[in-house]
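J.: What follows is the residue order along each chain.
Number of protein chains: 2
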Amino acid sequence: MNIITITGFAAAILTTASFLPQAIKTIRTKDTSGISLFMYSLFASGTLLWFLFGLFSSNMPVMIANAVTLVFAVIILIYKIKFQ
Amino acid sequence: MNIITITGFAAAILTTASFLPQAIKTIRTKDTSGISLFMYSLFASGTLLWFLFGLFSSNMPVMIANAVTLVFAVIILIYKIKFQ
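Line order of the protein sequences matches chains B and V.
In terms of my numbering, the first sequence opens at residue 1 and continues consecutively.
In terms of my numbering, the second sequence opens at residue 85 and continues consecutively.
A couple of the hints might just be wrong.
As the list claims (entries may be wrong) - DSBU-like, lysine-lysine: derived pairs with alpha carbons at most 35 Å apart: (1) V/K166 to B/K82; (2) B/K30 to V/K166; (3) V/K164 to V/K114.
Simulated from the structure, these hints should not be mistaken for laboratory data.
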């Protein structure tokens, strides 16, 4: 693996994993006042489209990364709608 | 442009643009209590690596999308650190 591939993998892991601490914090505290409903509506829609893009183009890493991110984003979105 | 390319473009626009309403909300309200510091630390680092990945691999769309997202993410991160 060269430096470009390693950078891409590290980037994908970081941006995918980053939504886990937000989901945990939101589930624990139910504090969603500072969270933008519009952001998570756009973001969850975009992540769903990335998943479909991965599916259509048989790109497994894009599919998996966005399936994971979509789960976190939808959890945060549901909490935002329920507890805003 | 075929359906796969259109889906990819739409996905990129949605996930990139989604951080704008969050940045605007955070700047306006300074309410960062529900926002995860850990999320934005990981996310900004990941977005910086995506930008470098785009730079190293001469992938202009990846570079531009992640440069824009990085600006929004760093604004939210700075507000989180300053007003938490």
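J.: Run every hint past the structure and note whether it holds.
T.: Now the hints, each set against the structure:
no.: 1; hint: V/K166 to B/K82; result: holds, 28 Å
no.: 2; hint: B/K30 to V/K166; result: holds, 22 Å
no.: 3; hint: V/K164 to V/K114; result: holds, 8 Å
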